[in-house]
Each structure stands twice: as C-alpha cells, then as structure tokens.
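> With the sequences and hints as input, model every part of the structure.
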Amino acid sequence: ENGATSFLTSRDRVSAKYAYRALSYMLLQLELENRNLSDIAIPVFNNERFVELFREDFPRCFETICQRLTQDRVDQAQSLVKEILDYIEQNYSNQQLSITSITEHFRISAPTLQKRMNACVGKTFSAYVEELRMNKARKLLLSTELTIQEISESIGYTNTNSFYKAYRRIFGESPRSTRQTI
1 ENGATSFLTS RDRVSAKYAY RALSYMLLQL ELENRNLSDI AIPVFNNERF VELFREDFPR
61 CFETICQRLT QDRVDQAQSL VKEILDYIEQ NYSNQQLSIT SITEHFRISA PTLQKRMNAC
121 VGKTFSAYVE ELRMNKARKL LLSTELTIQE ISESIGYTNT NSFYKAYRRI FGESPRSTRQ
181 TI
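Just so you know, we're using the numbering used here here: the sequence shown kicks off at 1 and counts up by one.
Warning: the hint list may mix true and false statements.
[Said to hold, decoys possible] Simulated crosslink set (DSSO-like; lysine-lysine; CA at most 27 Å straight-line):
(1) 139 x 165
(2) 82 x 115
(3) 123 x 136
(4) 139 x 82
(5) 123 x 165
(6) 115 x 136
(7) 82 x 123
(8) 136 x 82
(9) 136 x 165
(10) 123 x 139
To be clear, the hints were calculated from the coordinates, so they are not data collected in a lab.
Encoded structure:
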C-alpha cells in the first residue's frame, strides 16, 4: 500500500477530492428529490487514505446508491401497476375502458403499460381485462337471474356476440351452458 502511495501524485489527491465532492453533491441532489438516502454513509475524505477511498469506499458508496435507486424504481413500478389494477377492477364495466384510456389516465405509454402488466400479472392489458370481465360474468350467470345480454352489458360489452365468443374462448362453453349447470 505504501509503495502504491508513492506512485500517486498530488494530481491524484486532487482527483480524490473531486470524486468526494461529486459523491457528496450527488447524494445531496438525490436527497433534494426526496429520495431516502440519508442513511448512506459518505466516506470521509482524508489525504492519507485517498487510495482506499478510490479502491474501496467510493465504489462501495456508489454501488449502495445505485442499488437503492434501482430498488426505488422497482417499488415505484410495482406501486403504479397496483394502482392500474385497482383502477381496472373499479372500471371493468365501463365500455370505454381501453389501453388508451388507461395510458391517458396514468400518463404512461402503451408499451410501458404492456411491459409492466406482463411483468406483474403475466398477461397483456387486454387479456387481463377480458379474463376479469369473464370471471365477473361467470359469477353473475351462476348467482343472478339477469339475462345474458344484461350481464354482457354490465361487464362492459356492447356486442353480445363478442361476449359469447370471449366467454367460450375463456371457459370452453357458452354462457347459456354455464347457467344450465345450476
């Protein structure tokens, strides 16, 4: 270590000071963005320890910051998907519910929505909404006296034929067959 120190110049010490200041500034900026990074210890700059600062302390600190920021992004993405799923659950019967209405409401792009939905629920937006609607329809068929057309409309379908096709695709039987099993 002492041999390595002898090869380092005063320029290296200045570089270490600038790296320390950059790290401090970055943490300050992230704190100003309301990131919870106050528990991350900033290595204390010391002229005698600047070799360790470069080799160990700074990289460890930067790695901790990056890990925390990555986790924050993951948490935010999961929170957004939960909000979207809650919104879909509350609005599945709205005939205007579409990928466009969701992307406009949550101010995200369609590819981002599809990617996050697929990562969280393993389905595309359309497949998720269709399955949700069909499960609601099945419950209504088994527990109410509503007509098939009324059920179709109550879950957001404007066309009863489209409802029949989707129901058969999901459950392998017609809505009428489901109702007759009661």
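> Would you mind marking each hint as holding or not holding in the structure?
Each hint tested on the structure:
no.: 1; hint: 139 x 165; in the structure: holds (17 Å)
no.: 2; hint: 82 x 115; in the structure: holds (14 Å)
no.: 3; hint: 123 x 136; in the structure: holds (18 Å)
no.: 4; hint: 139 x 82; in the structure: holds (23 Å)
no.: 5; hint: 123 x 165; in the structure: holds (19 Å)
no.: 6; hint: 115 x 136; in the structure: holds (25 Å)
no.: 7; hint: 82 x 123; in the structure: holds (14 Å)
no.: 8; hint: 136 x 82; in the structure: holds (19 Å)
no.: 9; hint: 136 x 165; in the structure: holds (16 Å)
no.: 10; hint: 123 x 139; in the structure: holds (22 Å)
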